[in-house]
Amino acid sequence: MSLLEIKSLTQQFGGLTAVSEFSTRFEGRELMGLIGPNGAGKTTVFNIVSGFYKPTKGKILFKGKQIDGLKPHRVTAMGIARTFQNIRLWHDMTLLDNILISQHYNLGYNLFDLFTRNRRYMENEKRMTSIAMELLEQLNLVQFKDEKPRNLPYGIQRKIEIARALSVKPDLLLLDEPAAGLNSSDVQDLIQLIRWIHNEFDIAIWMIEHQMAVVMSLCSWIQVIDFGKTIAEGTPDEIQNNPDVIKAYLGDDNI
Amino acid sequence: MINTKKMSVPSLLFLLAAGTIIAAHFQLIDLYVQTVIMFIGVNIILSSSFNIINGYMGEFACGHAGFMAVGAYVTSVLNIMFFTNSKTFGQAIFAPELALYFFPVTMFIGGVAAAITGLLVAVPSFKTRDDYLAIITLAANFIIVSLFINMDVIGGARGFMGMKQIVFAMEDVAYIPWMLIWVFTFTYFTVFVIRRFVTSTYGKGIIAIHQDEIAAEIMSVNTNKMKLVAFMLSSGLAGLAGGLFAHILGYINPNSFGILKSTECLVMVYLGGMGSLSGSIIAAVIFTLLIEGLRFIIPAADTLLHLMPIIPDTFHLSQVLKWVIIPLILVILMQFRPEGLMGNRELSDFFPKLKKYYEFK
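Sequence lines, in order, name chains A and X.
Residues 1 to 255 (the UniProt record's numbering) make up the first sequence, in order.
Residues 1 to 361 (the UniProt record's numbering) make up the second sequence, in order.
Bound-form chain A, shown alone (with noise of 0.2 Å):
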């Protein structure tokens, strides 16, 4: 059984098709890669796996079950993590607080044991800060945990994104653009820390991204849309000298 399988995905926006007979698999904790130009359809494809849109046509299956047309938070609590191209985090809460809150989908008690703050509720609230010390202390980020993320530097706040989508323990990780707005010093160490990541939590990994030099260093498996068409796939080697792949990015030449 395949981690994730995505059978000709569609998506129609009244006249638009977004995206149309989109088709990909994951066997198992591959790193790969989605690229296309702008306004090709990528982060559609993440918004549909991620439960924001119901996909018009196709069907995606996760662990074998069927997540298309579940609610976005149904969809993380079974194991598919995300995090945005524009950071999304909760600007005026600590950093705890922001991993904390990620433990919704297992949160372990209920509204009664809130109010009378049982031994339930204890030993619940109890669990989740370990946990989310836990991963603070393995990313390095326990010297920010009563900081608010607006006060940190951009880097770091990319980084504390993807460790509250770590936070819920997922199988897959969607990262849109996750180097989006950093520069040359900061990429590399995001290279660093994505491959880090895929080998120590043992997930894995499907990326949005603009920039090759990350693209190409991390992905085994490299799929290309344009215009919500898949219109190359293969390794960063094929992709790079795929003629249909550079007529996409930089046009045709006889124009």
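Treat the hints as calculated values from the structure; they're not laboratory data.
You can take every hint at face value.
Restricting the straight-line Cα-Cα distance to at most 20 Å, the calculated cross-link-like pairs of lysine-lysine (PhoX-like) are:
#1 59/A - 7/A
#2 7/A - 54/A
#3 225/X - 71/A
#4 71/A - 54/A
#5 63/A - 7/A
#6 127/X - 54/A
#7 65/A - 169/A
#8 127/X - 225/X
#9 71/A - 127/X
Dock chain X against chain A, hints included.
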């Protein structure tokens, strides 16, 4: 060992409540002052429960008084039906003395009824937000008020009365200021419940919705369920405030739960600061004292200005000016301190030394 830090605030509040009740019992403070104290309690419940929606969850609801009306009517009707002989509902079903023991029960039922009415706003909030949700809450307020105006069984527009008999029935059991005790109990209960809710990981989900709803949904917060819980908790607690309000006055009228009352709730929340529980409490105290204070200040200013003579004899400053002064305060507040007195911080954030003396569990 008794944890003194944990007990400091409850025992301080207990002393305050006991002091007031004893003073009221021996008539050291008159009925008017007692009523003002009780209204402070009711307003604390209203503003802190409203803060769940407008502060912590960041929605702009403006129909809080509607839920208060539901609580007021349900509690009053049940009490009158069960414990008094009335024209509308006939003979009392239970002995009047039982009113004392069943008062928390009927209050609770009133709260639950208000919470269920909260669905009227909670369900649309799944798909709607901001201005559109504000209009829905406003509409809900009007629906509830017109519903009560058109229910002739419970007085319609003339209002519903007889709740004083319930208070007298309680006093027949033991002659102490029962309403004061109930107000203290329910105010403490409300603040306690909200405090526990918003400091838990579960409750912080609504703060996450405020700051970024999409991020909340993607990070496994069930936003619809959180909205449902928040709206029902908020309106249920408002129902408690309504039940108390009805029994303090002994008379309720649908029109007293209109848009003006909702505006009062809004003013209190924004005065105190959105997302600050201590701010809500402070604002409720200030606001109630201000409203009651103006009752004396306006006639005094009137006399003074006539003595000086600044204004003509034919013109008089009336109590209506209250509704000029209070909105004006809101305008000034929004101009110079839009985050309210406390912002989204608590008292202990302003005075870190306080943390040494108390701790909440």
